[in-house]
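The listed protein sequences correspond, in order, to chains A and B. If you read the first sequence in full-length UniProt numbering, its first letter stands for residue 1, the second for the next number, and so on. If you read the second sequence in full-length UniProt numbering, its first letter stands for residue 1, the second for the next number, and so on.
Do not take every clue at face value.
[As the list claims (entries may be wrong)] Restraint ranges, calculated between C-beta atoms of paired labels, are given here: (1) A481/B - S224/A: 53 to 61 Å; (2) R240/B - P66/A: 42 to 50 Å; (3) R416/B - T208/A: 43 to 51 Å.
Keep in mind the hints are simulated off the structure, nothing from the lab. All C-beta atoms in this analysis are idealised placements derived from N, C-alpha and C, irrespective of residue type, glycine included.
2 protein chains.
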Amino acid sequence: MSSVKQESHVNVPYKALTIAGSDSGGGAGIQADLKTFTALETFGTSVITSLTSQNTLKVDGIHPVPANFVAQQLEAVLSDIGTNAIKTGMLCNAEIIHAVAKTLCKFYPESAKGPIQNLVVDPVMIASSGAALLDSSAIETLIQEILPLCFVLTPNVPEAEYILKNAAAQTSSIRSLEDMKLAARALAKLGPSIVLLKGGHLPFFKSTGKALTPEQFETIDDLSIEMEELVLIDLIYDSRDDSFEEQHKEFLRTSSTHGTGCTLSAAIAAYLAQGLEVHHAINKAGGYVQSAIRDGLTVGKGKGCLNHYHHVVPRSIERQTKYNPHPLVNHLLRACAKDWHEYTHHPFVQGIQDGTLPRESFIHYMKQDYLFLQTYARAHGLGAFKATTMAESKAFAEIVLHIAHESQLHIKYCERWGINYEEMVATPESMANVAYTRYVLDIGMTGDLLELGLAIAPCLLGYGQIGNRLYNDPNTVRGDANPYWEWIQAYHAADYQGAVDRGIANMERQAAIQQPSEHRLKKLEEIFRTATRLEVSFWDMSLHRL
Amino acid sequence: MSSVKQESHVNVPYKALTIAGSDSGGGAGIQADLKTFTALETFGTSVITSLTSQNTLKVDGIHPVPANFVAQQLEAVLSDIGTNAIKTGMLCNAEIIHAVAKTLCKFYPESAKGPIQNLVVDPVMIASSGAALLDSSAIETLIQEILPLCFVLTPNVPEAEYILKNAAAQTSSIRSLEDMKLAARALAKLGPSIVLLKGGHLPFFKSTGKALTPEQFETIDDLSIEMEELVLIDLIYDSRDDSFEEQHKEFLRTSSTHGTGCTLSAAIAAYLAQGLEVHHAINKAGGYVQSAIRDGLTVGKGKGCLNHYHHVVPRSIERQTKYNPHPLVNHLLRACAKDWHEYTHHPFVQGIQDGTLPRESFIHYMKQDYLFLQTYARAHGLGAFKATTMAESKAFAEIVLHIAHESQLHIKYCERWGINYEEMVATPESMANVAYTRYVLDIGMTGDLLELGLAIAPCLLGYGQIGNRLYNDPNTVRGDANPYWEWIQAYHAADYQGAVDRGIANMERQAAIQQPSEHRLKKLEEIFRTATRLEVSFWDMSLHRL
Chain A
1 MSSVKQESHV NVPYKALTIA GSDSGGGAGI QADLKTFTAL ETFGTSVITS
51 LTSQNTLKVD GIHPVPANFV AQQLEAVLSD IGTNAIKTGM LCNAEIIHAV
101 AKTLCKFYPE SAKGPIQNLV VDPVMIASSG AALLDSSAIE TLIQEILPLC
151 FVLTPNVPEA EYILKNAAAQ TSSIRSLEDM KLAARALAKL GPSIVLLKGG
201 HLPFFKSTGK ALTPEQFETI DDLSIEMEEL VLIDLIYDSR DDSFEEQHKE
251 FLRTSSTHGT GCTLSAAIAA YLAQGLEVHH AINKAGGYVQ SAIRDGLTVG
301 KGKGCLNHYH HVVPRSIERQ TKYNPHPLVN HLLRACAKDW HEYTHHPFVQ
351 GIQDGTLPRE SFIHYMKQDY LFLQTYARAH GLGAFKATTM AESKAFAEIV
401 LHIAHESQLH IKYCERWGIN YEEMVATPES MANVAYTRYV LDIGMTGDLL
451 ELGLAIAPCL LGYGQIGNRL YNDPNTVRGD ANPYWEWIQA YHAADYQGAV
501 DRGIANMERQ AAIQQPSEHR LKKLEEIFRT ATRLEVSFWD MSLHRL
Chain B
1 MSSVKQESHV NVPYKALTIA GSDSGGGAGI QADLKTFTAL ETFGTSVITS
51 LTSQNTLKVD GIHPVPANFV AQQLEAVLSD IGTNAIKTGM LCNAEIIHAV
101 AKTLCKFYPE SAKGPIQNLV VDPVMIASSG AALLDSSAIE TLIQEILPLC
151 FVLTPNVPEA EYILKNAAAQ TSSIRSLEDM KLAARALAKL GPSIVLLKGG
201 HLPFFKSTGK ALTPEQFETI DDLSIEMEEL VLIDLIYDSR DDSFEEQHKE
251 FLRTSSTHGT GCTLSAAIAA YLAQGLEVHH AINKAGGYVQ SAIRDGLTVG
301 KGKGCLNHYH HVVPRSIERQ TKYNPHPLVN HLLRACAKDW HEYTHHPFVQ
351 GIQDGTLPRE SFIHYMKQDY LFLQTYARAH GLGAFKATTM AESKAFAEIV
401 LHIAHESQLH IKYCERWGIN YEEMVATPES MANVAYTRYV LDIGMTGDLL
451 ELGLAIAPCL LGYGQIGNRL YNDPNTVRGD ANPYWEWIQA YHAADYQGAV
501 DRGIANMERQ AAIQQPSEHR LKKLEEIFRT ATRLEVSFWD MSLHRL
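Just chain A, with the same shape it has in the complex (with noise of 0.2 Å):
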């Protein structure tokens, strides 16, 4: 089983593993596997080894799967898909746990020698609600034949003492923190490498170090104990060195715990498959779990289940594939597609392609885009301020020394339309530029990079993509019958394009690392529109010469 840390963005999953059986109730079983693999950006696969019917309040029937399907099952997953990791939950009966030990046996050749890398073992015996889901006669073959592949075995502390009891150990019940410590060294015995011994029934009072008896623990609720008196350890021995280390878990008065076994074991799977250390995937399983049964879902009339969901958050944007290199540029020109296109379609612009545009329009334009120009070199000035390293701020320095540049270009090209210099910077901000680019500026200074990069964008990406449109669109009038034929060629122009191209790969690698939440995003889209907007209004100042 190999279990290397992977790139998140290559397609090929961490993959999972459960061999249990089927809670038709949804908080247990392969069901409560399946939702954390999910949650864990884990692969899941199942073997069904039973079907039960169930619900919050009891366990009505189980359907055991024949023995031979549940092995058919498992050797269409590991023939062909294979797994990081596997755990298994309920097992059923003899000749289910015979079946997939055999199986593993026959793909893990290292079974031979000892356990199974990444093979997590709950003992599932009784489900939370009391139903036996172990036959009474299955767990000597659990025991000689599972256990001695386990890597990582999850029992409680009835469990712990029920397989105990039937391995012949010297370990009586289960009562202490020492108690637990001999326990767990005596399972590891036959076979597993960690013993992870959960303490849930066995929560000690802080004040004293005592444990609750069986019958304080039976009537807990109607007993005078503050939630807060009390202290839940998790054991976890590690035979390879001997060593023990406890996980201390608040005591949570809830009875949304529907599922909380299956769910921790297949946490660890997931972890494991990720590639973590045995310890640091049990640590974070543990506190995968404490959260979900604090966020815990009020279902059915009986107990609650785990609310496997909490651990993630709405993705606003798409995640990047080869499908879908823009997502975040793709989602805000589908946002504001109306305005967009009010910007990119003006009447200005089809005066610009077909020649049209009156001259005093297209100068008025000019002197206005020179003093615009002016103050977006300013918000760049204002993105190197607010850069948290070295080379955001060089980037955004260089594109000032490039808008410094082109601002040199822009008044000779100007004086070529007998446009003055001394005339050209003595003129009057319209509204319009002082809109624009005052807008542009306070997002600097109120928002963070991203933000000044979108009320940036819509100049930036709607010159790129007007140079290209009327470069390539046949109806544009090119060349000499066109006087503004050298102003497509520039925006279409190769050192244009690449800006063009630089400043999306930025948006969307701040993006992807910021994951904006939906929140968030509306406040995107809402700067991106206001500045598309005033493009429309930059437009309409030149035409109109207002």
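Please build the complex by placing chain B on the supplied structure of chain A, with the hints as guidance.
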């Protein structure tokens, strides 16, 4: 079936039920359905109709579940947990179909008159690998017993043809958009309110509007057709107003399509469960599936699988719950525990607690603290500038006023310590003071309001913690015996603690809205840690009169 939009913080989840087969390979069947429900934050339950031994290459075995056990699972779910929406997938054979229909009718009396609200039927017949998933004799039972109950039917083209052939309807092969419309209308006559006829098997040429022939479709990988030349059309027919809607989708040349149909119907059910109007639900579900295909997973040697968890990102900070009202602050205090302890248990604080702090150190501290407050007020003024709502600006301005008021009290308090006002304002800022306050201002200028809040927080929260702890600690020297008792009282006082509570509530609200990514959370931690370390050096400076 109720489907009222619930507040996300109420822990009664949206519920969806799948009645379908199990795919051990995890890509289709109830596995795909449960993964979809989970990714869409809906609590999934499942009734398994049959087990398949399956991987990405083939279905090599089917184990139908006894029909009475299927009914028993369905009873267990509906009698206790209930559901807001249901989807059916592979129903296997006539007996099972009959058992499902009969049980549904028992729980939904409305079925006597027409479709069951939010029942989505995916008429699964053939796996994408080619295996037959419905006994040929069962189609009639499906038509007679399930379709009349169905709210949304989601066949693909071959399934639509097969149903219509068996229903002895007049439609023959579906080869054009017009054929699709006729078929959808004919299918709706069999019961469903809505028919979503999926066009995945019938790509159209964008240029001509003509569909590929079945022969072309079979050999599509060998033809020199660019993906971009083709479009897929999903047709939605609503029989309630006899209207059609076309969903145009890009044709993706990918083999990661195993489980597409299951996933789509599951996503529709999840969105219906969340209370979305049905056309909206179908549209959103279509988007979810397209993204899941685009982000498809390379799994096994056959057809790859959809990426069901493309839709979510890990939650970096736990959700606010009754067990966990301050997840952000808890996270920060855990992440910066060492620095935090050094700050709140500094020798300076110890000296305050037992009254042994040298008088000169306290006077030095009081002078610098007065200067600190000046810049601290400015930092809140910056917050008022960067706020995006009047309410936020007002809240920051109120804190400025509060600090100004405190600053006056500070002067009076200092007079009693013999500190002259003129001398105090003439004191140069210590380096520790400059470092701290300018760091806060820089964060405020370059970051957003949450970042500013975190730079301010260690001062606000730490003094509150210290005030509470010293006030309640029996070891604290109290009253006249401790020259610093008044200082302790001030930070334990209700008005200061109220400000702490409001500050925490603000940060938690911002964090909940922003859902910072893991990457951003690291930055937030860094700010909180740095400001905490600056508090430590402020104590050092004060104690040693630097």
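Exercise for the section: Could you tell me which of the hints above the structure violates, numbers in ascending order? Expected result: 1
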